[in-house]
Amino acid sequence: MSSPPLLEIRNLTKRFKDRPAVENAGFTIARGEFFSLLGPSGCGKTTLLRLVGGFIPPDDGTIFIDGEDVTTRPPEKRLVNTVFQSYAIFPHLDVAGNIAYGLRSEGVAAAERERRVTEALHLISLSGYGRRRPHELSGGERQRVALARALVKRPKLLLLDEPLGALDKHLRESMQIELRQIQREVGISFLFVTHDQEEALAMSDRIAVMQHGRVLQVADPKTLYDAPNSRAVASFIGTMNFFHGRVIGSDGAAVVVDLPDFGRLPVPKNGGDNFAPGTMVTVAIRPEKVTLSPVPAPGSVEGRIASITYLGDRSQIKLAVGTGKIPVTAILPQEQSIQPGADALYVSMPAVSILLLRD
Amino acid sequence: MTPAVAHAARGYLLLTPAMAVLAFTMAAPLGLLLAYSFWTQHGLVVDTRLTLAAYAAILSDPGFALVFLRSLAIAAMASLAAIVLAYPVAWFIAFRARAKFLWLLLVTIPFWTSYLLRVFAWKVILGYNGVINSGLMALHLVATPVTFLLYNPVAVVLTLIHGYAPFAVLPIYVSLEKIDPSLLEAAADLGDNPAKRFFRVTLPLSMSGVIAAFVLIFIPATGDYVTPSLVGGANGLMIANLIQAQFGRADNWPLGAALAITTIAAVSLLCVLAATGARRAASRIR
Amino acid sequence: MTRARYGKVRGAAAYAILYLLFLYAPVLLLPLFSFNDSVFVAFPLSGLTGRWYSAMAADEEMRIALFNSLKVGIAASVASTLLGLTIAQVLTRGIPGRRLFAGFSNLPLFIPDIVLGISLLILMTRLAIPLSLATVILGHLALCLPFAAGVLLSRFEGFDLSLEDASRDLGENAWMTFFRVTLPLVLPGIAASLILSFVVSFDDFLIAFFLCGTDTTLPVYIWGELRFPYKLPNVLALGSTILLASTILIVCAEWLRRRGTQSQPAAVAI
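Protein chains in written order, with the working numbering: chain Y, 626 to 984; chain G, 84 to 369; chain V, 1053 to 1322.
The set of hints was computed from the structure by calculation and includes no laboratory data.
All figures in this text were calculated on a predicted structure; none of them were measured in a lab.
Please note that the accuracy of each hint is not assured.
To be verified - Calculated cross-link-like contacts (lysine-lysine; reagent style DSSO-like; alpha-carbon spacing at most 30 Å):
1) Y/702 to Y/794
2) G/183 to G/261
3) G/261 to Y/642
4) V/1283 to V/1123
5) G/183 to Y/781
6) Y/847 to Y/702
7) Y/794 to G/279
8) G/183 to Y/914
9) Y/914 to Y/847
10) Y/794 to Y/950
11) Y/642 to G/183
12) Y/894 to Y/914
13) Y/794 to Y/894
Same shape as in the complex, but just chain Y (with noise of 0.2 Å):
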């Protein structure tokens, strides 16, 4: 038999004042791995961490670390630790003070928790720091002492608390690549919190996008890039245009979907859905894979520009079809220009890259 995985959860659910804050939540994490839990703000992402962090008690639902039931542990005796959104950093104590602080907590000696801690600050680059106090540090480098706090103890997993969410976005970018090379170096399996889809898309394994307290879709960023399983797992990972339809046939493993302002489109079957003629659909595809061209071509629409805006190293136009009231996103890379004076382009979706979604 294969060994347990590090974490699992079982139909976790915590309700405030009757208000679920995580419903029936169940996934696993694997040794080594660096897991997202991504989502809005007020999706139930930090409780459903807190709940594993022990802090608070689930209603309902079972957590095993490394195949052991710890529902009912206090904080203190699971084998978790946590790198708080506040950091946390203990205000009485120096940078030594604050990591040493769970090695005393266990009893360790004090040349192991010496040698610890020193091996701790060159792991975060603040050689030298250990008699700073809290107040002098910078945002970084607190996030990064409470990093070390954490990780001194040698954790099972290491939860983080939208830990780069207080740094500015230069320093966020650097912390993203420092954070996944000391994951890979050390080894632990780290559960991650983040509202931001680049963040979790840039640097984990596997992501849990939540909503509304219910864990919508577990996979890799390729896969929820590529193929999310539902409009809000869609429209929360990058940018998404949605069309509205009705099934009106099918055709091997195709259906025939009828937009409004498109006409009829054969649209894959991913993932086997029976689609019955009359069910209403969505029709999902990403801006970078609409095509567009200044003549005609066969299945293309006539597309007034409504906008366009200059990202650098690519634009992205809104064009008006039909009707006009939904308009489209396309992006232009840098290379294809548009005519001075064009007022209208061609749009075209390649069925491969549509995606047909359940309202």
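Using the hints provided, position chains G and V relative to the given structure of chain Y.
Quick look at chains G and V alone, frame taken from chain Y:
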């Protein structure tokens, strides 16, 4: 004038009345008190030549030293006991109580009834025909009322603990309230059980409140006049009684002034020592 | 775990309730004896009466003392609140020597009342100023100022200065800005300062004891009754009435403060 200088000048001008009032009602009287302590008085005539006579008189009479030490000991015991008794209540209000506002109000309200009548109430509780004696008699535990309850230093300490209770609860509550709850979660996360969390995080972070409580109770308690007069008896007299006597029956103002100056000096010194000691002790906790 | 935590809460709550009992029991003896039909304040109780309350209403000497205390309290609280306003206004807007001024206005808190009382007595005697309610008011200014300044400072510190800028930006001049923005926002602090200073002054015994001369204030009158009681139950009736009145006052003060951003009670602000 630069705008910054003009701003500061306007500020100082606005502060002038308040500072003048403080100068006249506090700085000037205290300065004069200091001067008086170096003067002497013969009958109604005050001799303004500077001498150490008053201080020498204090040193030469062991009775003064006894009352001094007793006052400091009573005040220290009352402050410490008040802090120890109040800490769990402040902790409860800060971390566990649902209706914090209501609890704080409940703690404060008895404090605003006449201080004299509150002290008097303790006399009624501890007295010959008081609450405790009536209770003991009703339960047939004693045949005649006991007299050891009232007119001793213990009665003074007890009354002072009661009298200054809000000064203990409120500053400690404020310091506890400021503690970020995620610090306690972090301590739990790093392996501390509740008792360790309290001693390693909560207590050191609330030390400023404990020190404030000590200072706020110790200083007025040392100089308390009403409590020792009403419940202290002969063995519970404190320094304020002696000072008052110099301005009343004994009519020796320089001696009274010297006693007052000595009191301020001793109290300030002890407060600084206690505060530094407490801070040192707290910083040892790692 | 959940159950253990609830157990702990219940333990702490039980202790807190015991502590409140310790605080309230002595205080509640006063109303109890104010309805007791005996001139001696001792057990056993001898029956219910309202006569001390009618005697209180008829007690001329006590009424004079009460009015003296009210006069002193109102004068001291208004003056110390005005002075406290200037301190709060200046010190929250950054000025060199800020800490020094703040420390100086807090200094009376660190001087025992007995010392403040006798040193003021010496000063008044040296300056040949006759003792009267005026000298008591002067003494109470020193007593009340740290409280007034403390309450108002905490109120002003919570005050976002950019609100005044916004008002100026929207076209109001300095005066209208003060009336339409600053005043409404600090008004609860002013009320709390007035009430707190009044209660501090009204309850003071020692300063008045040394400075009132023949103009007895209420605590000085009560002191006399406690030592040589012949109308003590009248005092208890008055004390109970004042207890009720000051409870209402304090509840109002706290309620006013709660309407602002601060959540700490007035006394905490010291």
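Here is how each hint holds up against the structure:
As the CA atoms of residue 702 of chain Y and residue 794 of chain Y are separated by approximately 36 Å, the hinted pair breaks the 30 Å bound. With a CA separation close to 14 Å, the supplied pair residue 183 of chain G and residue 261 of chain G stays within the 30 Å bound. For the hint pairing residue 261 of chain G with residue 642 of chain Y, the CA-to-CA distance comes to about 26 Å; that is within 30 Å, so the pair holds. For the hint linking residue 1283 of chain V to residue 1123 of chain V, the alpha-carbon distance of about 24 Å falls within 30 Å, and the restraint holds.
Between residue 183 of chain G and residue 781 of chain Y the alpha-carbon distance is near 39 Å, which puts this suggested pair outside the 30 Å criterion. For the hint linking residue 847 of chain Y to residue 702 of chain Y, the alpha-carbon distance of about 36 Å lies beyond 30 Å, and the restraint is violated. Distance hint between residue 794 of chain Y and residue 279 of chain G is unfulfilled; the C-alpha atoms sit about 38 Å from each other, more than 30 Å. A C-alpha spacing of about 58 Å is found between residue 183 of chain G and residue 914 of chain Y, which places the hinted pair above 30 Å, so the restraint is violated.
At most 30 Å may separate the alpha-carbon atoms for a hinted pair to count; residue 914 of chain Y and residue 847 of chain Y meet this at roughly 15 Å. With a C-alpha separation of about 35 Å, the suggested pair residue 794 of chain Y and residue 950 of chain Y falls outside the 30 Å cut-off, and the hint is violated. With a CA separation close to 20 Å, the supplied pair residue 642 of chain Y and residue 183 of chain G stays within the 30 Å bound. A distance of roughly 18 Å separates the Cα atoms of residue 894 of chain Y and residue 914 of chain Y; the hinted pair therefore holds under the 30 Å criterion.
For the suggested pair residue 794 of chain Y and residue 894 of chain Y, the alpha carbons sit about 39 Å apart, so the restraint of at most 30 Å is broken.
Of the numbered hints stated above, those contradicted by the structure are hints 1, 5, 6, 7, 8, 10, 13, listed in ascending order.
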